[in-house]
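There are 2 protein chains.
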Amino acid sequence: MTRSAQSQRPEASLPPAAEHPFLLACRREESPFTPVWLMRQAGRYLPEYRRVRERLSFLELCGRSDLAAEVTVTAAERLGVDAAIIFADILLPLVPMGVGLRYEKGDGPRIEQPIRMAADVDRLTPVSVEESLAFVAETVRLSRAGLNGKVPLIGFAGAPFTVASYLIEGGSSRMHVTTKVLMQRDALTWQRLMERIVDVTADYLNMQIAAGVDAVQLFDSWVGCLSPRDYQRHVLPYTKRLISALRPGVPVIHFGTMTGSLLELMRDAGGDVVGLDWRVEIDEAWQRLGPEVGVQGNLDPALLFADAAEIRRAVREMLARAGSRPGYIANLGHGVLPETPVDNVLAFVDAVHEYGRR
Amino acid sequence: MTRSAQSQRPEASLPPAAEHPFLLACRREESPFTPVWLMRQAGRYLPEYRRVRERLSFLELCGRSDLAAEVTVTAAERLGVDAAIIFADILLPLVPMGVGLRYEKGDGPRIEQPIRMAADVDRLTPVSVEESLAFVAETVRLSRAGLNGKVPLIGFAGAPFTVASYLIEGGSSRMHVTTKVLMQRDALTWQRLMERIVDVTADYLNMQIAAGVDAVQLFDSWVGCLSPRDYQRHVLPYTKRLISALRPGVPVIHFGTMTGSLLELMRDAGGDVVGLDWRVEIDEAWQRLGPEVGVQGNLDPALLFADAAEIRRAVREMLARAGSRPGYIANLGHGVLPETPVDNVLAFVDAVHEYGRR
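Residue numbers (my numbering), protein chains in the order written: chain A, 1 to 358; chain B, 359 to 716.
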């Protein structure tokens, strides 16, 4: 499917700055159409992104604020989405902590010195985000300049549990057993590690806010491996402390996957919008979450491998479930997958704009 | 923690055969105490099992019915659980299909010729379970003899989706993208593959039933990667057909993980008992499932790495959520993890028996 220019995007109705549909939805105010963006919208599926990555490693690209901003802005413009998200990674704050973070080709992040005991926490280098992560603030400023007020800019960070699980497992994990064992067996080390992460992450997000992001998203991507009981005891207090430490007035999107049974607890931890994955139905989830939050999501990223007609059907069903209640942001239920056809991503965005008019 | 002999196990109250607490619970009838068993109770965490495995590969052990039965019976006796489960694997029916199934050390199953298109389905060798999987029927008979009526014997198989996902991905997978893409893009190949799996699995389970298992469990371990929409369209009809094809009168436990939003659909697909993972609360899940099914589960296997006091607390909370409604079988929310301390597994079983008296 090729795209019918910008005809389907309601450009003319775009209001300026704080009145943009994405920010209206974050505040649960009426908006003229359903805003949409995609997690990992500046990613490997996009030829423009792959061209930039030919010359640079992932971490090098994050460090080159000019190129990171270019990638951020290009993706938002190419897709015609209603928000841009800075090009960065949830594990960037681990670089100055001195744990030996590396990104291996196709294998995801590796941490050479994982955290397994109290002494490992002591060994973490104290981080001044203003010094060691200044390049992210610069990416925010350059992205804002590049976007020129056309769409809002989202900043982000990993939530404490997900960052801790990478630190403890030493990389991605399926069952997160080492993390759970440490949490159960060594509550004090867990507490100290989580507090360290909360402090650094709060500084990091507040730096992004000071540099000009309009909203932030907290990625607790792997928290769905926990039982509600463990979430409540070992995660909720820290995420809550982190969100409470953020500069007020900037909407927070609180996202995780496999969180069907954790949604109410995640809401209690904080955030203006709860990000849903595809495993829950939007209407049921939002009903459970109550009137005080918006929701974001939730198409299965794998559905973008179907044909355009099927994608349009799925979007239509998704929007029908979201209904007309203010506070809904269309998105996938997790990041765009690397091999996704660009035309299908465009079909997704266009279908939201077409079916999501008020 | 060491075990206080068999004192905590209510041996004296054990009724014979069909009146065993495990089978009473499968039928949602009152039972004198809460029955308990553990998925993968005959596994690597057990020294007796590791000793047998020193001499044989995983597939070799499955093929040696005498040793498979020994492993089955030893685990049930050692733990004092209320049901034994045959030692086998959900992928055994793939061996005669000729897809090149291998088990690599620490790396899980690999399939050398994965299924990706119609021609791959055509290539599958037709399977006569009575010929190629006769050793499993023999394991059932020998296990039954070894158990001598003391506790019931559970047979099992992989559910169609989970088996299909291994066949398509060529092994374990995190996101199951290839499976979802095939399902979306090539509905006819998906249908033919699922029908083949349903037919073989029905024959395979009926053979186990004929050989004498008292109940069967269907493992749809990875089905929680799907949205409710995709489960309903692409999985439910096949699982339903499979369960309907089983010889009546033998209880079916229908288990999956990450299925918080799929529970009602899984119930509709069939089964007398729905197996829950730790991501849902038993009381809420059972409430949603309604009066027509029992439930099984659901402690996080990682919790067995905590100390005995914490395990006992968690069991107590789990049983409190299960309440006094007949039809509850205590278990973990997935298989015992390889490094789990045996004493903690015993503490789990003992705590269920201690707190689960009527």
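Source of the hints: derived by calculation from the structure; they are not laboratory data.
Errors might be hidden in some of the hints.
From the structure, some residues in chain B lie toward chain A, with a derived Cβ separation under 7 Å [said to hold, decoys possible]:
#1 Thr432
#2 Glu435
#3 Arg436
#4 Val535
#5 Ser585
#6 Arg637
#7 Phe663
#8 Ala664
We put the beta carbon where it would ideally sit given N, CA and C, even for glycine.
Going down the list of hints, with the structure as the test:
1. Contact between Thr432/B and chain A, as hinted, is not supported at the beta carbon level, the nearest pair being about 25 Å apart and thus beyond 7 Å.
2. The interface hint given for Glu435/B is broken, as the beta carbon of that residue sits about 27 Å from the closest beta carbon of chain A, more than 7 Å.
3. Hint status for Arg436/B relative to chain A: violated, with the closest Cβ pair at about 23 Å, above 7 Å.
4. Interface restraint check for Val535/B: the shortest CB-CB distance to chain A comes to about 5 Å, inside 7 Å, so the restraint holds.
5. Given hint, Ser585/B at the interface with chain A, holds; its Cβ is 4 Å from that chain's nearest Cβ, closer than 7 Å.
6. The interface hint given for Arg637/B holds, since its Cβ lies 5 Å from the closest Cβ of chain A, which is under the 7 Å cut-off.
7. For Phe663/B, the shortest C-beta to C-beta distance to chain A is roughly 4 Å, which falls under 7 Å, so the interface hint holds.
8. Among the interface hints, the one on Ala664/B holds; its C-beta lies about 4 Å from the nearest C-beta in chain A, closer than the 7 Å criterion.
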